[in-house]
Amino acid sequence: MSSMKKALLWSVLMAVALVAPALAHHSPAAFDRTKKVTLVGTVKEFRWQNPHTWIELEVPDEKGKQVVWGVELTSPTYLVRAGWKSNIIKPGDKVTIVVNPVRSGEPSGIFVSLTLADGRELLERPARLGTTESK
Amino acid sequence: MTSSMTMRAAAAAALSFVLAGCSTTPSKPASPAYTPTQAEVEAEKAGMLSALAPANLAKERPAPPFDVTSNWFIDVSQNPQAWHFYLEPYPKLTPAAQKEFDASKKYEAEGKVYKDDIGQCWPAGLPLIMTRYWPMAMIQKPTAIYMISGFMNSVRIIYLDGRKHSDPDVIIRTYNGESIGEWQGNELVVDTIGFRGDHHWMDQDGPAIPAGEKLHIVERFRMVNDNKQLEIEFTMTDPDHWEGEWKSTKRFNRVVDAEISEVSCLPDLNQHIKSTTSKTQVFQ
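Going down the list, the sequences are from chains Y and S.
First residue of the first sequence: 1, per the working numbering; consecutive thereafter.
First residue of the second sequence: 1, per the working numbering; consecutive thereafter.
Hints may be right or wrong, so weigh each one.
[As the list claims (entries may be wrong)] Derived DSS-like pairs: lysine-lysine, alpha-carbon spacing no greater than 30 Å straight-line:
| no. | chain 1 | residue 1 | chain 2 | residue 2 |
| --- | --- | --- | --- | --- |
| 1 | S | Lys-279 | Y | Lys-44 |
| 2 | S | Lys-141 | S | Lys-59 |
| 3 | S | Lys-105 | S | Lys-214 |
| 4 | S | Lys-99 | Y | Lys-94 |
| 5 | Y | Lys-65 | S | Lys-279 |
| 6 | Y | Lys-85 | Y | Lys-36 |
| 7 | S | Lys-112 | Y | Lys-44 |
| 8 | Y | Lys-36 | S | Lys-105 |
| 9 | Y | Lys-35 | S | Lys-45 |
| 10 | S | Lys-279 | Y | Lys-63 |
| 11 | S | Lys-279 | Y | Lys-36 |
| 12 | S | Lys-112 | Y | Lys-65 |
| 13 | Y | Lys-36 | S | Lys-59 |
| 14 | Y | Lys-35 | S | Lys-214 |
| 15 | Y | Lys-35 | S | Lys-106 |
[To be verified] Derived, one-sided and incomplete: chain Y residues facing chain S with beta-carbon distance under 7 Å:
| no. | residue |
| --- | --- |
| 16 | His-26 |
| 17 | Thr-34 |
| 18 | Leu-39 |
| 19 | Thr-42 |
| 20 | Pro-51 |
| 21 | Trp-54 |
| 22 | Pro-60 |
| 23 | Gly-64 |
| 24 | Lys-65 |
| 25 | Gly-70 |
| 26 | Glu-72 |
| 27 | Ser-104 |
| 28 | Glu-106 |
| 29 | Leu-129 |
| 30 | Gly-130 |
Just so you know, the hints here were simulated from the structure itself, not pulled from any lab data.
All values reported here derive from a predicted model rather than from experimental measurement.
Just so it is clear, CB atoms sit at the ideal spot from N, CA and C, and this is done for glycine as well.
With the rest of the complex left out, here is chain Y (with noise of 0.2 Å):
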């Protein structure tokens, strides 16, 4: 896929996440959707539960002291749909985290993308279910 193609494809995944609501259990009034953060770090811990999965990672600051970030995504379910799987990535592993920062300036995000180690690239699934066409 040409970079552009790409990028193209980027701001319409985006745009889509932006207008559908995220399933979570709390307002998603405390994170600035406006900015984004890229976190390189550690994986720490990663809870593939409901509803929400959550990765805390471990990231130097500009200081070199390590920081846990905490990143909450949406349920599993709309993960495996997007190709997420529960050994996707474990503690120890070397990955990079997008988030949209919460307002407060503490460490904690709601999830964007993710980078593996390979690589690879994933995203959530907007929770988009149901359709007129459904019989």
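Given chain Y's structure and the hints, the job is docking chain S onto it.
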């Protein structure tokens, strides 16, 4: 087809016709009438026969005009925000509700989240449980409709067996309330009262409007769009929080490729969903 096969088929059809018309030889055995147990007789006398008691299920009733049994999901195809009840115009709020509404707008402008009780694991409650961004299973029996939300597995039961609302001095207040349904023509009309009035809101992620103990919701269920969609027209009153009737109509699509799974707000959930305990949250 050979002529002998045609003859045999004609003879078989004629025999079936004769047997079907013969009163002493029914084409299919009639189901035996159910004899209530002593426990069911006593429960019926006490007005406590449960919706799933065989004696209740076996009672003769008119056939309902439709069956809602399916998994459903709010239709957001025309508007991603259609799951909200906070779609304008809002009703005219009472001073008590206006205070909460104004506080939520103030904190929203500061980038904060005001009293997100659902995020702290309080139940969503009616009406919001119907349009949460999770599918809802509905299972219809002659005496009741059982609903299980994919959101925290919240259970809602609509009784269809002719019972009345519980006496006010015994009703158990809940976030989904007590729902009694009645078939009227091609619609199911559901009357719900008995709500808890604490940590109960009319919506989430928007201006805060409380749902109180006087909340009364009448829903009109109907099948639309060639039976592909379920439509529910909500008429909601709560004199402690707004004036007159607050109306909203929602449509739901069938979900044929996803199940309702076990979802709980466990004690350790928010320890790891850090936004729920961040400084963005305003609890008072």
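(request) Identify whether the interface hint at Y:Gly-64 stands, where standing means a beta carbon of chain S within less than 7 Å of its own. (result) The hint is violated - Y:Gly-64 has no Cβ within 7 Å of chain S, the shortest such distance being about 22 Å.
(request) May I ask you to test the interface hint for Y:Leu-129 with respect to chain S, counting a Cβ-Cβ separation under 7 Å as satisfied? (result) 4 Å, holds
(message) For a C-alpha distance cap of 30 Å, please report whether Y:Lys-36 and S:Lys-59 respect it.
(response) 61 Å, violated
(message) Check whether the Cα positions of S:Lys-141 and S:Lys-59 lie no farther apart than 30 Å.
(response) 12 Å, holds
(message) Check whether the Cα positions of Y:Lys-36 and S:Lys-105 lie no farther apart than 30 Å.
(response) 25 Å, holds
(request) Would you check the hint for S:Lys-105 and S:Lys-214, treating anything up to 30 Å between C-alpha atoms as holding? (result) Within the cut-off at roughly 25 Å; holds.
(message) Interface hint check: Y:Ser-104, Cβ to nearest Cβ on chain S, cutoff 7 Å. Holds or violated?
(response) The hint holds - Y:Ser-104 has a Cβ within 7 Å of chain S, the shortest such distance being about 4 Å.
(request) Mind checking the CB of Y:Glu-72 against every CB in chain S and telling me if the closest is under 7 Å? (result) At 5 Å from the nearest chain S Cβ, Y:Glu-72 passes the 7 Å test, so the hint holds.
(request) For the hint on Y:Pro-60, just tell me whether its beta-carbon gets within less than 7 Å of chain S. (result) With a minimum Cβ separation of about 19 Å from chain S (threshold 7 Å), the hint on Y:Pro-60 is violated.
(request) Would you check whether Y:Trp-54 satisfies its interface hint, that is, whether its CB is within less than 7 Å of any CB in chain S? (result) Hint on Y:Trp-54: holds, closest Cβ of chain S at ~5 Å, below 7 Å.
(request) Report holds or violated for the interface hint on Y:His-26, using the least CB-CB distance to chain S and a cut-off of 7 Å. (result) 3 Å, holds
(request) With a cut-off of 7 Å on the beta carbons, see whether Y:Lys-65 makes it to chain S. (result) Violated, because the Cβ-Cβ distance from Y:Lys-65 to chain S comes to roughly 18 Å (cut-off 7 Å).
Comparing the model with each numbered hint stated earlier shows that hints 4, 9, 13, 14, 17, 18, 19, 22, 23 and 24 do not hold.
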